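Asks: Sequence:
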Amino acid sequence: MESPSSSVVSRDELLESKKEHQRMRNRMKQKRHRERHLSERDALQAEIVRLSHVLTTVAGPREASALAAAKRALKALRHEHAVTRHVSEAMTAWVATMLPRAGSPMGWTKTTLVADPTTRRLGLDWFTQHLYHNTDRMVAYSGFPSSGSVLDNVLVDAGAGHVDLIGRIQVDYALPFEAAHGVLRGRIWSIMRGDMGADFSEILDSEATEAIAPGNMLYRRAVRSAEESNYYVCREFATTNRVVFLYGNYYEDERLPRNTSWRPRMFWYILERTSTATTRLRVVLYNAPYVVNDKLVSWQDELVEDGIDVTGLSEEAQFRKYQALINEDCDPKVLESLNALRIDTK
Numbered sequence: 559m560e561s562p563s564s565s566v567v568s569r570d571e572l573l574e575s576k577k578e579h580q581r582m583r584n585r586m587k588q589k590r591h592r593e594r595h596l597s598e599r600d601a602l603q604a605e606i607v608r609l610s611h612v613l614t615t616v617a618g619p620r621e622a623s624a625l626a627a628a629k630r631a632l633k634a635l636r637h638e639h640a641v642t643r644h645v646s647e648a649m650t651a652w653v654a655t656m657l658p659r660a661g662s663p664m665g666w667t668k669t670t671l672v673a674d675p676t677t678r679r680l681g682l683d684w685f686t687q688h689l690y691h692n693t694d695r696m697v698a699y700s701g702f703p704s705s706g707s708v709l710d711n712v713l714v715d716a717g718a719g720h721v722d723l724i725g726r727i728q729v730d731y732a733l734p735f736e737a738a739h740g741v742l743r744g745r746i747w748s749i750m751r752g753d754m755g756a757d758f759s760e761i762l763d764s765e766a767t768e769a770i771a772p773g774n775m776l777y778r779r780a781v782r783s784a785e786e787s788n789y790y791v792c793r794e795f796a797t798t799n800r801v802v803f804l805y806g807n808y809y810e811d812e813r814l815p816r817n818t819s820w821r822p823r824m825f826w827y828i829l830e831r832t833s834t835a836t837t838r839l840r841v842v843l844y845n846a847p848y849v850v851n852d853k854l855v856s857w858q859d860e861l862v863e864d865g866i867d868v869t870g871l872s873e874e875a876q877f878r879k880y881q882a883l884i885n886e887d888c889d890p891k892v893l894e895s896l897n898a899l900r901i902d903t904k
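Quick note: the sequence shown uses the numbering used here, first residue 559, plus one each step.
Everything labelled a hint here was simulated from the structure, so no lab data went into it. Note that the coordinates shown come from a computational prediction; the quantities given were computed from them, not determined experimentally. You may find that some hints are simply not true.
Within a straight-line C-alpha distance of at most 30 Å, the following computed DSBU-like cross-link-like pairs (lysine-lysine) qualify [what the hints assert, rightly or not]:
{"hint": "1", "residue 1": "904", "residue 2": "853"}
{"hint": "2", "residue 1": "891", "residue 2": "904"}
{"hint": "3", "residue 1": "879", "residue 2": "668"}
{"hint": "4", "residue 1": "587", "residue 2": "853"}
{"hint": "5", "residue 1": "587", "residue 2": "668"}
{"hint": "6", "residue 1": "904", "residue 2": "879"}
{"hint": "7", "residue 1": "904", "residue 2": "668"}
{"hint": "8", "residue 1": "853", "residue 2": "891"}
{"hint": "9", "residue 1": "668", "residue 2": "853"}
{"hint": "10", "residue 1": "879", "residue 2": "891"}
Computed beta-carbon distance windows for the label pairs [to be verified]:
{"hint": "11", "residue 1": "887", "residue 2": "690", "range": "42 to 52 Å"}
{"hint": "12", "residue 1": "603", "residue 2": "813", "range": "29 to 39 Å"}
{"hint": "13", "residue 1": "785", "residue 2": "879", "range": "51 to 61 Å"}
{"hint": "14", "residue 1": "799", "residue 2": "867", "range": "18 to 28 Å"}
{"hint": "15", "residue 1": "833", "residue 2": "761", "range": "47 to 57 Å"}
{"hint": "16", "residue 1": "863", "residue 2": "705", "range": "36 to 46 Å"}
{"hint": "17", "residue 1": "814", "residue 2": "690", "range": "23 to 33 Å"}
Note that the Cβ used here is the ideal one computed from N, Cα and C, for glycine as well.
Take these sequences, add in the hints, and give me the full structure.
Replies: The structure is reproduced here in structure tokens:
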């Protein structure tokens, strides 16, 4: 197994070629959401007009029953139309909060979970679906080898003096896929719940997450400090030969205190069948640069904040100090994650 290390991986061409494609996909998804809500709204409005016409033309005692039924239907449709219009307007406002960040593999990561109950539920579902559909992209961005064990931290150049930090784990198990999933599922969910985490954590919106993905989803707040909380949404997606456990944090939750210090964090645990008797786990622990008071923090800023003296050092020498700082802080965390995922097959 490779020993924990840190290296610079520049993939500007990969980012440039895929960034615009991903933004286009996001725009098309958002456009389809809006068009669907607008179509439903227009259909309901047309039905209201039709029933209103029925109410003005139906007359006589023989039509009394039909008239009463039409009134009830009209009232229900008006209510449904109002709800649909409200959701459409709320979704439009929510989409407008998604701000792009140059260099990010996700195109943007600054997402708000809104307070409105209906749109909030859609936001929980959409964000986890978005993470899931970017699983392979993040594996490629992280630079995993096609075989062998991996345990390290990688620094990826995000441009303008900023770097993405990615913890990587790759391990093969001499176990069939179903057996490995049976052993690891509870452990991974314990990690996603924050059972052993040092930060205070509380589960929120259980009714909404249970309605979206029964038994396979949760939303929680992990308090790191008075200035920073992680608003994590977690979910499991399963297919015949692959299970993806993932979680990521929102920039803010409109129902909870606003972050003045925040770091986009998104994590994937990808369990795959590699043969009838073997299974592979890949773990992507993605951390974007910190955002403090709406300003991205560079790696050089981090050195200053941590009290590292870089006076007279070249930029290359400064970066080596930053690498050492990252190794010291993150290598034990990645190793701890691996230890929680070991399976003794003897």
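Asks: Now, for every hint given, state plainly whether the structure supports it.
Replies: Now for the hints, and whether the structure bears them out:
With a CA separation close to 51 Å, the supplied pair residue 904 and residue 853 exceeds the 30 Å bound. With a C-alpha separation of about 26 Å, the suggested pair residue 891 and residue 904 falls inside the 30 Å cut-off, and the hint holds. A C-alpha spacing of about 29 Å is found between residue 879 and residue 668, which places the hinted pair at or below 30 Å, so the restraint holds. Among the hinted pairs, residue 587 with residue 853 is consistent with the structure: their alpha-carbon atoms are about 28 Å apart, no more than 30 Å.
Between residue 587 and residue 668 the alpha-carbon distance is near 17 Å, which keeps this suggested pair within the 30 Å criterion. For the suggested pair residue 904 and residue 879, the alpha carbons sit about 41 Å apart, so the restraint of at most 30 Å is broken. Taking the CA atoms of residue 904 and residue 668, the gap is about 45 Å. The hint is violated against a cut of 30 Å. Between residue 853 and residue 891 the CA atoms are separated by roughly 26 Å; this keeps the pair inside 30 Å, and the hint holds.
As the CA atoms of residue 668 and residue 853 are separated by approximately 12 Å, the hinted pair is consistent with the 30 Å bound. A C-alpha spacing of about 19 Å is found between residue 879 and residue 891, which places the hinted pair at or below 30 Å, so the restraint holds. Checking the proposed 42 to 52 Å range against residue 887 and residue 690 shows it is violated: the Cβ atoms sit about 29 Å from each other. Taken as a hint, the range 29 to 39 Å holds for the pair residue 603 and residue 813, whose Cβ atoms sit roughly 31 Å apart.
In this structure the supplied range 51 to 61 Å is violated for residue 785 paired with residue 879, their Cβ-Cβ distance being about 26 Å. Residue 799 and residue 867 have their C-beta atoms about 52 Å apart, which leaves the hinted 18 to 28 Å range violated. As the Cβ distance of residue 833 to residue 761 is approximately 37 Å, the hint placing it in 47 to 57 Å is violated. The hinted range of 36 to 46 Å is satisfied by residue 863 and residue 705, whose Cβ atoms lie roughly 39 Å apart.
Separated by about 24 Å at the C-beta atoms, residue 814 and residue 690 satisfy the suggested range of 23 to 33 Å.
Taken one by one, the earlier hints fail for this structure at numbers 1, 6, 7, 11, 13, 14, 15, listed in ascending order.
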